[in-house]
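Sequences and hints are given; from them, build the entire structure.
Residues in the sequence shown are numbered consecutively from 67, following the working numbering.
Watch out, some of these pointers could steer you wrong.
What the hints assert, rightly or not - What follows is a list of derived Cβ distance ranges for each label pair: (1) M139 <-> D69: 26 to 32 Å; (2) K144 <-> S113: 43 to 49 Å; (3) M107 <-> A129: 48 to 54 Å.
Derived from the structure by calculation, the hints contain no laboratory data.
Computed from a predicted model, the values in this text were never measured in an experiment.
Yeah, the Cβ is synthetic: ideal placement off N, Cα and C, and Gly gets one too.
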Amino acid sequence: SSDLHRSTKELSSLESKLQSSKEKYEKSGRDVVDAWKALEMAKKKKSSNVVGKCNHKLDKESATYREHLGTYMNMVAKTREMQLKWEETVHTSYNQMQVLEEARIEEMRRVGTNYSNALASGKE
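Set out below in structure tokens:
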């Protein structure tokens, strides 16, 4: 059905966006770790100028991380919601197909019975 096709396309699109947001979130997490490591190295060298720059970079990377985390969590929720809608659409579509198939089988049974009856009547 067209609803199933549309739902499948929407779910696929959301899954792609989810993957992209996950990759950004994971990369920003690695960037925070790298900035933290750079800060720790600067502290060991006792270079206040470098420490200040590293603190600034860590703050910036942490803000980006929080932003990407929020986007990722939002996409997880949207994708889950769409998955539930898709599952409902699939269930409805399959039920409709089953009703149609049962009607087709019943019609074939009726035609077969009529044909068999017509053959039996013609032979007597």
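So, going through the hints one by one against the coordinates:
A beta carbon spacing of about 28 Å between M139 and D69 agrees with the range 26 to 32 Å that was offered as a hint. Taken as a hint, the range 43 to 49 Å holds for the pair K144 and S113, whose Cβ atoms sit roughly 45 Å apart. Range check, M107 to A129: Cβ separation about 21 Å, and the 48 to 54 Å hint is violated.
Hint check: a violation occurs at hint 3 only; the rest are consistent with the structure.
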